[in-house]
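We have chain Y; now place chains P and G onto it with these hints.
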Amino acid sequence: MNASRTSGAVPPAASVSETGFDPTLFDRFPTSGERPEGELGELEHVWRAPRGWGLLTVVNNNYVGIFYVGAAFLFFLLAGILALVMRVQLALPLNGVLPQETYNQFFTMHGTVMMFLFAVPAVEALGVLLLPQMLAARDLPFPRLSAYAFWAYLVGGLAFFASIFVGLAPNGGWFMYPPLTSTAYSPGINADFWLLGIGFIEISAIAGAIEIIVGVLKTRAPGMSLDKMPIFAWAMLVFAGMIIIAFPAVIFGTLALELERALNWPFFDPTRGGDPLLWQHLFWFFGHPEVYIIFLPAAGLVSMMVAALSRTPLVGYRLVVLALVATAFISFGVWAHHMFAVGMPRLSVGFFSAASMAVSVPAGIQVFAWIATLSVGRPRYQTPTLFLVGGLVTFVLGGLTGVMVAMVPFDWQVHDSYFIVAHLHYVLIGGMVFPMFAGFYYWTPMMSRRPLSERLGKWVFWLMFAGMQVTFLPMHLTGFMGMPRRVYTYLPGRDWEITNMISTVGAFMLAAGILIFLVDLIRNFRFAAEGNAGNVYGGGTLEWLPTGLYSTRSIPLVTSREPLWDRPGLSREVEEGRYFLPGSATGNRETIITSPLRAEPQYLQIMPGPSVWPLLSAIFTAGFFLLLTVQAYLVGVVSGLVAIWCMIRWLWETDRPVRPPTADIGAGIEVPTYVTGPSTHGWWAMVVLQIVIGMIFLMAAFSYLYLYGVHTSFWTAPPAPSWLALLLPLYGAGMGLAWLARVLLARRRSTLWSPATALLFGAASLLTGFVLDCLSWRWSGLDPEASGQGATVYGLLAIQGFVTGVAVLIALYVAARNSRGLVTRPRNNSFDLAVLFLIYTGAQGVLGAALVRLFPGAV
Amino acid sequence: MWPRISTPSGIVEGLAGWPPPVLDPAGPYAGSVAALSWALIALAAGIFLIVLAALWIALRGRERLRARLGGERAIWIGGVVFPVVVLTALLIWGLTLTRNLSEPAGGPELRMRVSGEMWWWRVSYLDGNGRAFMQDANELHIPVGRTIAIELVSPDVIHSFWVPQLSGKLDMVPGRRNLIRIQADRPGTYAGICAEYCGGPHALMGFLVVAHAPDDYARWLAARRAPRAAPPDRQSARGAALFVSAGCAACHRIAGTPANGQAGPDLTHVGSRRTLGAGILPNNRGTMIGWIGNSQAIKPGNRMPPYTVLPGEDLQALAAYLEAQR
Amino acid sequence: MPEADPAAGRDVVQRVGCASCHVFPDISWPRGALGPNLGDFADQGLIGGRVPNRPDLLAAFVRDAPALIPGTTMPAMPISERESRDVAAYLYTLRDR
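Protein chains in written order, with the working numbering: chain Y, 57 to 915; chain P, 6 to 331; chain G, 5 to 101.
Possibly wrong hints are sitting among the right ones.
[What the hints assert, rightly or not] Derived SDA-like pairs: lysine to any residue, alpha-carbon spacing no greater than 25 Å straight-line: (1) Y/K514 / Y/L130; (2) Y/K284 / P/R78; (3) Y/K514 / P/L57; (4) Y/K514 / P/I62; (5) Y/K284 / Y/L130.
Just so you know, these hints were derived from the structure itself, not from any lab.
One chain only, chain Y, in its complex shape:
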């Protein structure tokens, strides 16, 4: 099933190919000759956006991307306002602007909102907005998933933020350390708002990450091999990969803490064999990579803009890519530098200190790559350049203080002091906020009729830059003077009032800059997918091709990193439809799926259009979590069931083969329109999802082993290992039946029902295994409330139970599709994904059951 075979050409032996595609076919582009009339009109018709209230059902990345960026920016403003009020409170010693409790809620919300509701969604939003354009895809591969991720984030985020207006906002700090956040010391529902609200927004982040991984790897323009990918796409790929690995830690952490709060399972209670430090390990295993999760995409933006504004390719492209990947790897070995002061063994302290220093090397590579690029070109003094240079200076200073705090003895002094407040704001504002503002100025012309004002932009920059320095530079000194973080006030007489007053003045300068930016935005930003201001700054990458809602008229063949610079006629040729997919080949929304390494065309993906179901799913998912938080359990569960029903409705319309089975994507190259198996975007997404679930499972297993190491004395004997002789065959049968179902589906002689029946029996076998697994522990007398062992064992079971439940649901769903004749033969995507999921469920069941029975018992 590949394009070269269907087109009948035989690849020459010498050419290298990933998929068997004949690269000489690329020589057919640009095509010549007239394009048929009405082709463009049809493209516009197919991709038109709904109007009026219907706009809420929009799924196109231009709209969802803009909404997403706007929502993230809104949360940036809200959290910024909280910061301003806190700065007023701290301007004077013993000031009375904010009472203690309100201040504690404010600083918790400031950190939480900035990290979870602004920074991560903001970069994800920029990905949704920019990636399809940069990759010349018509849209991201799962437009409805983007819409769902956005709406879930917006609805959940707003409801979460609203908790501060009723005094119910969390007050345990954005890091939520137990036991302070356990029921004993936080009996109110404030902490639950954090746990359920953030847990929910993490789901949205993961949905976005899956979208981005598959988008970058599978929807690039033909010819855009990995080494020709824009740096931003690399950064987003690494970003999404990091989310996949890091977020499960905090998902499991929040789940465990919520279980401790709601059901009294002692994950973190030292009197019953839990450990407060387990939370810190889980939280920072997520929390430190989180910083790079925020920084890397912004660094990708900087690399793009530095090259474009200098009008020269990025110096050291390969080194920068290497640096991005290296950062990701090292960042998973630095989490415990947030814990130098908890009293860790010296050996681990040394390891984490070394890793924390090492992570500055890839940052240094990028900084010098940018400086080198700036020296090759002649950047003009435009607003984006100012923000880039200002961000660079700020980030370098933050990086240097970062190296300082990686020195353990120094950290023992400044840890949790205002020195750290200064350090982290230098890194995050210099590394993420300034690049983002540079990006706002640089990319606005891509989707607005008018660019933003250069004159106002300079004001914005200088106020923000000066305000940033005035606010945070004195904080280094405040920290040396002994002022701890997270204090709502301080006593006079230690000179803290001097530096604090300066910081407050600076904060208002910073705010004034942002205010002017809003003025600029209101005066000049006019959304337009077509007829926008265009390539004001002379960028060389594909997002500057002329576009409509359908993205580019035709999808260009990419032969270099800056195609627009290297082939001056490219824009015209693209606009004339001389490349791939110059119209709608099947009358549907569609994009070309290409291979992950060399971007060879594989098939034509039929994309879904506007739909109300992602919106409704998001609203009811949010309702489920929020209603649980306010302890309206019954309504909450109903809302959750409605959400599931909405999702099934949304999925029901997907995975339908279209006619014809192959289509011409330009120059006579025929590719299939329905493909199954490991090359499909759905398969890739499922594998990524399984990595996420597997990581959650891994975190639970880690917690089990960790608590065993800390409090062995609380451990009791597990059920007899002979249980495995029953459980493993059951889980194995589940996996085997799932596989058999796939085999049966391909058989010519299978009846209509036999594959679905096998699938259902597989799910039933998994369910039986899970139920017996639970019962064996019940009968062994272990109570989840009794000890850390109980909590983690039942925690593992809870995850298994959730996964099993989903597996059963999926099997029923596929059986229902089968009964309506929607399961194609011999292969079907929905069916394949169900099989994959069932196999995963069985494998996780085997691992879980074996781990808690054989360790430590059999060792």
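Chains P and G alone, transformed into the frame defined by chain Y:
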């Protein structure tokens, strides 16, 4: 209205923000870190200037200099070789220092235990067998020139023990026992503060370390261990009775009396403390009455209930009695 | 009051912690709730509800209240005579606005 900034008037003489305590060490455990801090500050400033210079050349420099910067060689030198060399050197220094700081400085150590509690500090002075022979709260008295090994524990949430002039900080984690060493080389009063957010009035959880010359320390200790006299006057005697009848004794202990509560700070020596409310108020009869009568208005959320029902004479008597507990 | 400095009085008030029982309009912490709010003290006719509000009596009262009004909750405070006059002068700046 907008409050005026008052003239700096620390509640305890001798505490000031300048020179910054982190960089103004009073003993070896803070001293070596202060030296490291200065070196790090100088190094960071130096590297920052180098980067600024490179940036300046890139943007404004002569063609020849810019050509040198504009290649992969510059990235290798500036982004790889230079950092690796500097960081390796730093790492060796840092790890060596880490080891030295977590080991005894030599000589017999005094042992104490400090328990961080919401939102005050329980202090125990330990004998050679690790048994507590004296209880106190919110104030540590130490002799100059001796290393003090302090066990750090917590019965409730995580707190962190930090006296910048004497050492770095170390957390107090429920279920664990950490050991920190401090030493003062000159007599004086050193401020400490809780450095891990512990909810509610975390901001108002300070304490003091008072370092005495060795002879003074011996005298101080002898005085503390001397037999205690009966309440000196009628008012204090009435206070002593009230202390039990009004319920104070349920939470507070005064050694040698029936009062043996363990929930709140030990008040055996409260009269000699420099501060009230964990390092936040000066200690005099007025603040003592204010604290007993309604501490919630002073330190919202603290565990002591208000006693507004007590008549003035009773509050006066209690304050007089407590003032006498020195 | 001649030869008394309200600003110095305010510093004394802060130093000895009068605010642990009283609310002062220009001191935002603590805002003690045990004693009366002194926000409009200058307009009060009596000190402690018993003694005429006169500068000399006020200075004596803030220094040693029980000597003037036996049984009051307000204790003697560790301040000098000079400081007590400053404190009194400061208290007379507190008017209801």
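Okay, the hints, checked on the actual structure:
no.	hint	in the structure
1	Y/K514 / Y/L130	holds (22 Å)
2	Y/K284 / P/R78	holds (22 Å)
3	Y/K514 / P/L57	holds (21 Å)
4	Y/K514 / P/I62	holds (22 Å)
5	Y/K284 / Y/L130	violated (34 Å)
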